[in-house]
Amino acid sequence: MLKQKYDVVVIGSGPAGLGAAIEAKRAGAEDVLIIERAKELGGILQQCIHNGFGVELLKEDLPGPAYAQRFIDEVAQLGVETLLDAMVLDVSPHRHIYATSKWSGFVELETRAIVLAMGCRERTRAQIRVPGTRPAGVYTAGTAQRFVNIEGFMPGERFVILGSGDIGMIMARRLTFEGAKVKRVLELMPFLTGLTRNYVQCLLDFDIPLQLGHTVSRILGNKRVEAIEAVQVDDQFKPIPGTEEIIPCDTLLLSVGLIPENELSRKAGVALDPVTRGPFVDESMQTNVPGIFAAGNVVHVYDLVDWVTDAGFLAGRSAAKFAIAERKRIARQVKLQSGDNIRYIVPHVMDKESLANSDQRLQMRVIRPIEGRVWVEVLDGEELVTRRGQRYVRPGEMVTIDIPQKAYDAVQKADTLTVRVVQR
Amino acid sequence: MAEEVTKMICITCPVGCSLEVTREGMTIIKVDGNQCKRGLDYAESELVDPRRMVPTTVKVRGGVHPLVPVCTAAPIPKPLIFKLLAELRKVELQAPIHVGQVVLGNALGTGVDVLASRNLVAI
Chain A
1 MLKQKYDVVV IGSGPAGLGA AIEAKRAGAE DVLIIERAKE LGGILQQCIH
51 NGFGVELLKE DLPGPAYAQR FIDEVAQLGV ETLLDAMVLD VSPHRHIYAT
101 SKWSGFVELE TRAIVLAMGC RERTRAQIRV PGTRPAGVYT AGTAQRFVNI
151 EGFMPGERFV ILGSGDIGMI MARRLTFEGA KVKRVLELMP FLTGLTRNYV
201 QCLLDFDIPL QLGHTVSRIL GNKRVEAIEA VQVDDQFKPI PGTEEIIPCD
251 TLLLSVGLIP ENELSRKAGV ALDPVTRGPF VDESMQTNVP GIFAAGNVVH
301 VYDLVDWVTD AGFLAGRSAA KFAIAERKRI ARQVKLQSGD NIRYIVPHVM
351 DKESLANSDQ RLQMRVIRPI EGRVWVEVLD GEELVTRRGQ RYVRPGEMVT
401 IDIPQKAYDA VQKADTLTVR VVQR
Chain B
1 MAEEVTKMIC ITCPVGCSLE VTREGMTIIK VDGNQCKRGL DYAESELVDP
51 RRMVPTTVKV RGGVHPLVPV CTAAPIPKPL IFKLLAELRK VELQAPIHVG
101 QVVLGNALGT GVDVLASRNL VAI
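Chains as they are written, first to last, in the numbering used here: chain A, 1 to 424; chain B, 1 to 123.
Chain B extracted, bound-state conformation:
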């Protein structure tokens, strides 16, 4: 199989290295342009199973704000983002809420929990 070069930008940290991934099919031969080893992991994942963190909000009853911010504890597969958002739109929590509280466990069977991003006191 012929070698191919795929260009991508690592999003692991704010540096945003431009990566050149040399691959044969889905097998990585080498990665150039990364400044740390997290770039290698990112290239691997981005090629076979691109994932993203999903930050959004869910409804809250009886809190000082009508919403509480939530975020996935780890990146989830990119194609599931909008499905997860639809799922979270159905959730309604009761204040008080604590940072790190599980809002949606094992979201869409990914094994990733969605957690509250802040404390929210009740009125």
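This is chain A alone, in the form it adopts within the complex:
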């Protein structure tokens, strides 16, 4: 059962989101909710079945799902609430979250702090503009990874992989393990873009050829990819004529970069850095919108999950601190309510602690004139806090009364102060 109001809502349950929820709870946030699009927690870690996770943070070498499991277990132990299989549609700068799922229907939640942890998305064929026909058999490496590791089917038999990022190299090994032939890995840059350890254990170990300074200049095939044309590029990344090579294959995987996913951030009014394509953040991972924090690949693309978890911890801690301060600020407020013959009062609320520094002036207008001596009274229920005598009151003349510093103790007990005008 969802609550109406949370201390911290985390959007996304990858390593950043799990870390944020855990640390928010540990730092004293009471009601913490994770909203996740998938049917289970863990984000992309669930399809990253290779080992190498946790070496820095946990001093253990774990497969991605096992790394995620540690934090999923902790989330459960700490009593973090989860809304799975749910899509966040909108986030407002005032920290209202609009989401929908088959289980909850459409929901509007209010929260004192938000951690954005939506991760990133893969760059696609359209974004790198590969010429040629548009047959089936062109996938991003991450999509193929999901097919092979979670859904349990192979997207092809003979592969060419464009991009030497870690996902591309890891998929080269994975597909080889499942009996496919990876004919070539092509990299536009003159250097490897993933970790060298992955070059060794994913490409070298299985004699998968890597060509640096090469790209795909054309995709061939009508219904299905039949071949790709590889070409060498110069130092301006322009194809060098005469270096074209046709490589027969039925599938092309793209591992050509990741882009922070900030559609929701933009809706919430979060300002983005054009270089990282993630939010501008301060040292606490707070964005330019107070109470909205961000962590992980949504901020900038990491190469190690350990540091994503760490960023999640920081953002979660900061979000909890913000939420607790917000709770305290609201708890310190006393409402000012119009009583007999008062139309309105400004201010509408008052910080009780403000009396520690100075008297606090209330301004108001009456509804009816009283041509005779009156008391302007400030009451907590029936208990008089302060009053002031006037010779008359008229709607056209603003009435003021100062709550004196000596009323500090009386005001601390009150939730609401009522102001009224009575005849003396």
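Note that these hints are calculated values from the structure, not bench results. You may find that some hints are simply not true.
Unchecked claim - Far from chain A by the CB rule (all over 12 Å, computed), these chain B residues:
1. 46
2. 90
3. 105
Unchecked claim - With a cut-off of at most 25 Å between alpha-carbon atoms, the simulated SDA-like pairs for lysine to any residue come out as follows:
4. 406/A to 330/A
5. 59/A to 13/B
6. 181/A to 80/B
7. 83/B to 204/A
8. 59/B to 78/B
9. 78/B to 210/A
10. 30/B to 52/B
11. 78/B to 33/B
12. 90/B to 103/B
13. 181/A to 51/B
14. 90/B to 154/A
15. 78/B to 177/A
16. 59/B to 94/B
17. 7/B to 35/B
18. 181/A to 193/A
19. 59/A to 98/B
20. 59/A to 94/B
21. 181/A to 82/B
22. 59/B to 38/A
23. 78/B to 110/B
24. 102/A to 90/A
25. 78/B to 207/A
26. 7/B to 213/A
27. 39/A to 100/B
28. 78/B to 157/A
29. 406/A to 381/A
Every value quoted in this text rests on a predicted model; they were computed, and no experiment measured them. All C-beta atoms in this analysis are idealised placements derived from N, C-alpha and C, irrespective of residue type, glycine included.
Given chain A, put chain B in place with the hints provided.
Leaving out everything else, chain B in the frame of chain A:
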């Protein structure tokens, strides 16, 4: 016997140090380029008995997914990788599955267990 230099890249951690291993036959004289002592162990192992972790998936009956990811608990000899994969292709588990559950004990007599990499609930 003459000294030889073998170059290799340590894969123990994400740093990926480039190692230069000076050796006489299979006896290591010295290792250069490593940033920590794990590099020495790696050079030793890579020279005489190269080993790798093997992450893959096995079939599952009655689970929320048709597969569960598994991984060797420790590196196994490199020449056994494809034999192990063939062995794991024969395995079919029944959900629920718990992380760390032994999927294949003492795989191919290596003394290394293959473990489930996640919890997988039954439908």
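### Task
Tell me, in ascending order, the numbers of any earlier hints that this structure violates.
1, 20
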